[in-house]
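Colleague: Build the full structure now, drawing on both the sequences and the hints.
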Amino acid sequence: MSRALLFIAFVFSALVTFALSARSRSYAKAVSCESCLTRVRLVAQVVSFGKSYREIKNDVSDWCDKGDRDFCDMKSNIKEIYNLIQQQKTREQVCSAIRMC
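Per mature numbering (1 follows the signal peptide of the UniProt record, and there is no 0), the sequence shown runs over residues -21 to -1, 1 to 80.
It is possible that some hints are incorrect.
Unchecked claim - For lysine-lysine, the following PhoX-like pairs were computed, each having C-alpha atoms within a straight-line distance of at most 25 Å:
| hint | residue 1 | residue 2 |
| --- | --- | --- |
| 1 | Lys45 | Lys58 |
| 2 | Lys54 | Lys30 |
| 3 | Lys58 | Lys30 |
| 4 | Lys68 | Lys30 |
| 5 | Lys30 | Lys45 |
| 6 | Lys58 | Lys68 |
| 7 | Lys36 | Lys58 |
| 8 | Lys36 | Lys54 |
| 9 | Lys54 | Lys68 |
| 10 | Lys36 | Lys68 |
Claimed, not checked - If you anchor each label on the Cβ, the simulated ranges turn out as follows:
| hint | residue 1 | residue 2 | range |
| --- | --- | --- | --- |
| 11 | Lys45 | Gln67 | 17 to 23 Å |
| 12 | Val25 | Ser75 | 26 to 32 Å |
| 13 | Tyr32 | Asp52 | 24 to 30 Å |
| 14 | Gly46 | Arg20 | 18 to 24 Å |
| 15 | Leu21 | Arg78 | 17 to 23 Å |
| 16 | Leu21 | Gln66 | 24 to 30 Å |
| 17 | Gly46 | Gln67 | 18 to 24 Å |
Note that these hints are calculated values from the structure, not bench results. All values derive from a computational prediction rather than experimental measurement. Note that CB positions come from ideal geometry on N, CA and C, so glycine has one too.
Modeller: Here it is in structure tokens:
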């Protein structure tokens, strides 16, 4: 009888742990998506000022070097982000295209 209760407690514990980890992954993705939307808005503003791709790439690198990890995540996609903004895509479309939303 005690083995059965121990087994049930173990299974219940595993299910609770799995549910909590799934929820935290979902929250992390939502934070990442919101962060991407914010960063793309900033990049779009810089593009609207007429800066070139090279200038924007340098700006993003500077922001990353100053400790903004979200810009560090976007550095490898900055060419694609720049092109999508030039095509007047929405922030949601840009973040979806670079798989951050």
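Colleague: Next step is simple, just say for each hint if it's right about the structure.
Modeller: Quick rundown of the hints versus the structure:
no.: 1; hint: Lys45 x Lys58; in the structure: holds, 21 Å
no.: 2; hint: Lys54 x Lys30; in the structure: holds, 16 Å
no.: 3; hint: Lys58 x Lys30; in the structure: holds, 13 Å
no.: 4; hint: Lys68 x Lys30; in the structure: holds, 18 Å
no.: 5; hint: Lys30 x Lys45; in the structure: holds, 20 Å
no.: 6; hint: Lys58 x Lys68; in the structure: holds, 14 Å
no.: 7; hint: Lys36 x Lys58; in the structure: holds, 8 Å
no.: 8; hint: Lys36 x Lys54; in the structure: holds, 7 Å
no.: 9; hint: Lys54 x Lys68; in the structure: holds, 19 Å
no.: 10; hint: Lys36 x Lys68; in the structure: holds, 19 Å
no.: 11; hint: Lys45 x Gln67: 17 to 23 Å; in the structure: violated, 29 Å
no.: 12; hint: Val25 x Ser75: 26 to 32 Å; in the structure: violated, 21 Å
no.: 13; hint: Tyr32 x Asp52: 24 to 30 Å; in the structure: violated, 19 Å
no.: 14; hint: Gly46 x Arg20: 18 to 24 Å; in the structure: holds, 19 Å
no.: 15; hint: Leu21 x Arg78: 17 to 23 Å; in the structure: holds, 19 Å
no.: 16; hint: Leu21 x Gln66: 24 to 30 Å; in the structure: violated, 18 Å
no.: 17; hint: Gly46 x Gln67: 18 to 24 Å; in the structure: violated, 31 Å
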